[in-house]
Amino acid sequence: AQSVTQLGSHVSVSEGALVLLRCNYSSSVPPYLFWYVQYPNQGLQLLLKYTTGATLVKGINGFEAEFKKSETSFHLTKPSAHMSDAAEYFCASGTGFQKLVFGTGTRLLVSP
Amino acid sequence: DTEVTQTPKHLVMGMTNKKSLKCEQHMGHRAMYWYKQKAKKPPELMFVYSYEKLSINESVPSRFSPECPNSSLLNLHLHALQPEDSALYLCASSERPGGEMGEQYFGPGTRLTVT
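Protein sequence lines, in the order shown, are assigned to chains A and B.
Sequential numbering of the first sequence, starting at -11, is according to this note's numbering.
Sequential numbering of the second sequence, starting at 1009, is according to this note's numbering.
Just so you know, these hints were derived from the structure itself, not from any lab.
Don't take every hint at face value.
Heads up, simulated EDC-like pairs for lysine to aspartate or glutamate below, C-alpha to C-alpha not over 16 angstroms straight-line [stated by the list, open to error]:
id	chain 1	residue 1	chain 2	residue 2
1	B	LYS1049	B	GLU1092
2	B	LYS1049	A	GLU76
3	B	LYS1046	A	GLU76
4	B	LYS1044	B	GLU1103
5	B	LYS1049	B	GLU1103
6	B	LYS1026	B	GLU1011
7	B	LYS1030	B	GLU1066
8	A	LYS37	A	GLU52
9	B	LYS1027	B	ASP1093
10	B	LYS1026	B	GLU1075
11	B	LYS1027	B	GLU1011
12	A	LYS37	B	GLU1103
13	B	LYS1030	B	GLU1103
14	B	LYS1044	B	ASP1093
15	B	LYS1049	B	GLU1060
16	B	LYS1048	A	GLU76
17	A	LYS56	A	GLU76
18	A	LYS87	B	GLU1103
19	B	LYS1046	B	GLU1092
20	A	LYS87	B	GLU1066
21	A	LYS87	B	GLU1052
Turn these sequences into a full structure, and let the hints steer you where they fit.
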């Protein structure tokens, strides 16, 4: 069975600092992996996805993530945080089936 | 265009009311989903429609009744809801149900309050 673990329910950074949000997956088959962002009272927006091929995936708003099979990780990074990045971030895993398995989410707080 | 629209944006209903939520996409996607999201929690899958047929029902109570009239439209009919059903209801669609083209695009949600 698939599962997704996001370490840290809250991450605080200063504006301009590196953002690192952690995601580990557990899957018996190669997974498809996604990062979504949710701003207050809005739906989820797809930031980036990994299916096959290049393990470093670039997404929108300057975010990227690296698929590391040996570590079963798919951490999300951004070199320099902006105030507008403050939101809830969800890592999700899917396989050939129809269900997405979501992590519990990480709230990113950005201080001036 | 990766837009999924949902109406209404907000809905307040009593426990004896009947109401419907509507979701629409014009991206030619063949899978559509309903999720329920409580505050500070990830979305919970409720239903999946694949090629206009219900393919997954996550043991959702019968007071929630989904309908997929055509490939672009998804409804969620609500009847005799409980206060604990108050939540953000999210619709999503994907080009295909799962696999490499299975990334889901979400609508903005309907904030439902049951009084």
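* Has the given pair, LYS87 of chain A with GLU1066 of chain B, been kept, meaning a C-alpha gap of at most 16 angstroms? -> holds, 10 angstroms
* Asked: Is LYS1049 of chain B close enough to GLU1060 of chain B, meaning Cα to Cα at most 16 angstroms?
  -> Roughly 28 angstroms between the alpha carbons, so the hint for LYS1049 of chain B and GLU1060 of chain B is violated.
* Quick one, are LYS1026 of chain B and GLU1075 of chain B close enough, alpha carbons at most 16 angstroms? -> holds, 15 angstroms
* Asked: Are the Cα positions of LYS1046 of chain B and GLU76 of chain A separated by 16 angstroms at most?
  -> Holds: LYS1046 of chain B and GLU76 of chain A sit about 13 angstroms apart, inside 16 angstroms.
* **16 angstroms limit on alpha-carbon distance, applied to hinted pair LYS1046 of chain B and GLU1092 of chain B** => holds, 10 angstroms
* **Hint consistency between LYS1049 of chain B and GLU1103 of chain B [alpha-carbon to alpha-carbon, up to 16 angstroms]** => Distance of about 26 angstroms is beyond 16 angstroms: violated.
* LYS1044 of chain B paired with ASP1093 of chain B [C-alpha distance capped at 16 angstroms] -> holds, 9 angstroms
* Asked: When you check the alpha-carbon spacing of LYS1027 of chain B and ASP1093 of chain B, does it fall within 16 angstroms?
  -> holds, 13 angstroms
* Is the straight-line distance between the alpha-carbon of LYS1049 of chain B and that of GLU76 of chain A 16 angstroms or less? -> Holds, at about 10 angstroms.
* Is the straight-line distance between the alpha-carbon of LYS87 of chain A and that of GLU1052 of chain B 16 angstroms or less? -> holds, 10 angstroms
* Asked: Is the hinted pair LYS1044 of chain B and GLU1103 of chain B satisfied, with a Cα-Cα distance of at most 16 angstroms?
  -> violated, 21 angstroms
* **Hint consistency between LYS1026 of chain B and GLU1011 of chain B [alpha-carbon to alpha-carbon, up to 16 angstroms]** => Not OK: LYS1026 of chain B and GLU1011 of chain B at ~27 angstroms, beyond 16 angstroms, violated.
Against the hints set out earlier in the document, violations occur for numbers 4, 5, 6, 7, 11, 13, 15 and 17.
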